[in-house]
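S.K.: Can you make the complete structure from the sequences, with help from the hints?
There are 2 protein chains.
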Amino acid sequence: MATLTSRDKDYSKWYNELVVKAGLAENSGVRGCMVIKPYGYAIWELMRDELDRLFKETGHVNAYFPLLVPKSLFEAEEKNAEGFAKECAVVTHYRLTNDPDNIGKLIVDPEAKLEEELVVRPTSEAIIWNTYKNWIQSYRDLPILINQWANVVRWEMRTRFFLRTAEFLWQEGHTAHATKNEAIEEAEKMLDVYADFAERFMAMPVIKGLKSPSERFAGADETYCIEAMMQDGKALQAGTSHFLGQNFAQAFDVKFTTKEGTQEYAWATSWGTSTRLMGALIMTHSDDKGLVLPPTLAPIQVIIVPIARKEEHLINLLPSLEKLEKLCKENKIRVKSDLDLENSPGWKFAEHELKGVPIRIAFGPKDLEKNQIEVARRDTGEKMYFYLENAVEQIENLLTDIQETLYNRAKNFRESNIHTADTYQEFKEILETKGGFIAAHWDGSEEEELQIKEETKATIRCIPLDAKEERGISLLSGKESSRRVIFAKAY
Amino acid sequence: MATLTSRDKDYSKWYNELVVKAGLAENSGVRGCMVIKPYGYAIWELMRDELDRLFKETGHVNAYFPLLVPKSLFEAEEKNAEGFAKECAVVTHYRLTNDPDNIGKLIVDPEAKLEEELVVRPTSEAIIWNTYKNWIQSYRDLPILINQWANVVRWEMRTRFFLRTAEFLWQEGHTAHATKNEAIEEAEKMLDVYADFAERFMAMPVIKGLKSPSERFAGADETYCIEAMMQDGKALQAGTSHFLGQNFAQAFDVKFTTKEGTQEYAWATSWGTSTRLMGALIMTHSDDKGLVLPPTLAPIQVIIVPIARKEEHLINLLPSLEKLEKLCKENKIRVKSDLDLENSPGWKFAEHELKGVPIRIAFGPKDLEKNQIEVARRDTGEKMYFYLENAVEQIENLLTDIQETLYNRAKNFRESNIHTADTYQEFKEILETKGGFIAAHWDGSEEEELQIKEETKATIRCIPLDAKEERGISLLSGKESSRRVIFAKAY
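Quick note, the sequences are listed as chains A and B, same order.
Quick note, in the numbering used here, the first sequence goes up one by one and the last residue is 497.
Quick note, in the numbering used here, the second sequence goes up one by one and the last residue is 497.
It does not matter which identical chain is meant; a pair holds if it fits inside one copy or across any two.
Taking lysine to aspartate or glutamate pairs in the DMTMM-like style, the calculated list, with each CA pair at most 20 Å apart, reads:
| no. | residue 1 | residue 2 |
| --- | --- | --- |
| 1 | Lys-85 | Asp-115 |
| 2 | Lys-338 | Asp-55 |
| 3 | Lys-119 | Glu-88 |
| 4 | Lys-92 | Glu-122 |
| 5 | Lys-62 | Glu-51 |
| 6 | Lys-92 | Asp-105 |
| 7 | Lys-332 | Glu-63 |
| 8 | Lys-92 | Glu-117 |
| 9 | Lys-329 | Glu-395 |
| 10 | Lys-332 | Glu-402 |
| 11 | Lys-332 | Asp-373 |
| 12 | Lys-389 | Glu-410 |
Simulated from the structure, these hints should not be mistaken for lab results.
M.R.: Structure representation (structure tokens):
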């Protein structure tokens with residue numbers, strides 16, 4: 007097992023190597039698309055199930071809408087269409103036929119051209135609001151609280167495992183409401199759900215905020231986001247929730263009769279998270295030995311490695327191991343024993359470290375004598391011994407402790423990498439020497455935002471929802487500002 | 007709530023009305039594609055979770071492969087490519103741009119033509135075996151036991167809710183093995199998993215069999231299937247499992263080093279079920295009042311309807327209702343109370359019948375006095391009274407009984423609609439007068455199969471795995487045959 011490039015040496019290279027070597031994903035034969043491998047997919051399944059549970063707890067149901075969207079529907083909401091037009095995969099034909107010049111090969115059948123082209127959904131507002139039109143007549147039909155788990159395609163020129171791929175997996179919530187306030191409350195509620203998921207399950211602290219107008223989702227009146235800090239100080243947008251106003255209702259003519267008998271357009275939200283979260287998870291916790299997973303999202307939480315290289319040695323250890331494994335399972339701990347005799351315990355240790363298993367248990371003849379197990383935690387590398395008789399309880403406590411330790415470590419890292427800058431000079435110096443997030447004053451204009459972006463590559467990540475009132479002078483224009491916003495270079 | 011067309015009058019119309027009125031699915035703005043509505047999707051989720059559990063229990067893991075397949079990969083396995091070429095949606099461009107002649111409209115950007123067209127997967131053997139090539143070097147890398155939950159597109163000219171749609175949701179297992187026998191065992195094992203799922207969860211009896219060569223999956227050496235009988239006597243293929251031989255390994259050059267050090271091509275299987283199962287479920291159990299769901303797949307297993315039209319009457323009933331609901335939930339019964347005061351109890355009864363809720367509980371002032379609930383079962387319409395004190399236990403037993411009753415009813419129906427025919431004349435008469443399945447002798451030739459199909463529209467559904475040895479004379483050619491095969495008209 008070759009070692010990884012260290013993070014200090016080349017963070018980007020470390021990330022790519024880690025994704026491949028830990029068996030999370032690999033490039034496919036399709037440009038910009040990856041294969042999500044079983045181990046990576048198992049982590050995604052845990053995320054998905056947890057998010058799905060949180061959505062259902064907050065009153066949402068799942069449904070499924072078509073992958074292919076007729077161009078005329080797609081272009082109905084103009085801002086949304088304009089925002090995504092540049093990255094749309096388009097289906098133009100519905101048949102292949104034999105190549106007359108090349109036996110055994112196929113060509114697109116020119117006779118099978120579609121009358122209207124179909125866009126592979128980059129997002130589903132258009133097809134969904136075209137459907138909601140038939141579902142919404144009266145205030146009694148509202149709210150509609152629907153989520154969809156789906157694949158989407160956005161043709162990206164520069165792609166990166168999980169963070170930016172031409173096809174990705176995601177969920178997209180699409181809700182319709184009778185009042186503006188209710189829609190805004192929904193958008194904020196789902197932002198809270200995302201933040202709660204990020205912090206409690208991914209052990210990843212996030213800043214909740216609003217996007218600046220230029221960074222809003224195409225077709226939204228307001229975009230809320232959660233922003234996380236990666237280990238290299240760069241920001242990663244981990245989820246967005248949009249208040250869409252009446253834009254889609256107007257584009258698709260979705261009106262309803264109010265309690266008072268008037269006609270009004272419905273109010274909308276949409277909100278999404280994607281397999282991008284996998285990238286965020288990796289870059290929040292992992293180290294030079296490989297992946298580090300928070301226990302809540304680890305497909306294997308505890309790996310048991312017998313210290314034995316021969317069948318006859320293994321046999322002595324088995325009864326205790328099997329009992330421990332069984333007890334763990336009864337307590338809903340995701341445990342696995344690595345009994346393979348081909349590889350050495352040392353090789354296995356490295357392998358399970360690479361895969362980020364939170365707790366490794368080693369159990370050899372000496373441990374058997376002492377009725378103990380050797381326990382190593384992946385997050386700190388610390389080793390300890392537990393007596394077999396109360397091992398499960400201690401393992402449970404340790405899993406909780408690892409989850410908390412990871413969160414606190416990430417939070418401390420972030421806190422010590424949020425800087426304030428009061429002048430543009432200071433801003434640029436911090437960006438070059440320290441990186442991280444910079445809290446600074448902004449005059450609210452697109453001009454200033456754009457110039458800073460062009461000159462420094464830092465963008466406004468968000469206007470934090472909990473930003474304190476603070477009078478200040480904006481970085482470039484010198485205009486007055488009443489609160490700081492968060493700037494950073496971003497993924 | 008308008009009533010449904012009766013099954014006797016027009017089975018096909020009844021089916022379409024039921025799908026829409028019960029809130030399972032509806033047509034979308036995209037030709038041949040449907041919207042799976044929340045109630046339909048909730049049933050699909052239960053199916054999916056159960057199948058997923060069965061796959062994992064049999065050692066399979068999930069992964070995800072790209073939606074879009076480059077034409078050169080797609081055409082590599084020629085038989086497979088030929089089989090699906092006629093129904094492929096093809097992406098030819100990756101960008102839309104503003105229509106210069108029509109402000110606010112978009113056109114496909116002629117500058118953004120792909121060098122190589124991408125096929126929207128109709129099935130994933132090609133992209134997956136192109137990936138396995140890099141995963142398989144040695145016998146130690148085998149078996150690979152992977153499943154994928156995904157959407158696929160097959161351009162169908164005549165579509166029907168769930169049964170045949172241009173896009174559908176499915177799972178596709180793709181496994182690789184070191185030996186032919188192991189691959190055949192896998193294909194048969196997964197057929198058993200499908201049959202087990204159909205019978206235990208869908209309460210739908212199935213016949214396990216082999217397809218005739220002409221009905222095999224394109225690229226398979228052998229196709230196993232489960233065939234179910236719908237209420238109109240027609241057959242529905244509910245799942246298939248394919249032994250793919252070394253066809254894909256040869257097409258994608260997937261060789262491995264055997265234990266003995268030789269090089270061999272890997273052996274393959276694939277197996278799939280889809281949202282088509284929703285159609286099978288509907289057409290196995292439902293009646294003129296609407297959907298009938300087996301309890302295992304019912305999103306709501308028990309609906310509680312208070313007999314009260316005013317708040318002050320409802321209030322008296324609530325403590326008992328809430329207690330009952332809580333007890334049911336503690337026992338993992340999917341229960342819901344319908345407390346809405348806008349609709350009458352009678353309206354609610356009809357609504358929940360339409361939606362196929364297995365058990366309806368009515369609870370009014372007189373029931374409160376007597377400490378009882380009125381219980382109606384959806385499958386038989388039978389009514390009974392349970393005392394509140396042991397209601398949950400009796401509800402559990404009733405759910406089990408409904409599940410069994412549905413299975414037995416469907417099985418009896420099927421048994422009484424399997425006929426044997428010994429002459430072609432008899433065969434045609436049965437087909438015209440009784441329908442159902444016909445067990446008859448076939449000479450094994452494609453000619454005979456085709457002529458029967460053309461003349462009667464009946465196809466060979468399968469050669470049952472448990473067919474008895476029986477000497478006979480084939481229907482048309484008069485050649486000798488050693489066992490009967492199942493003919494039927496099919497969905």
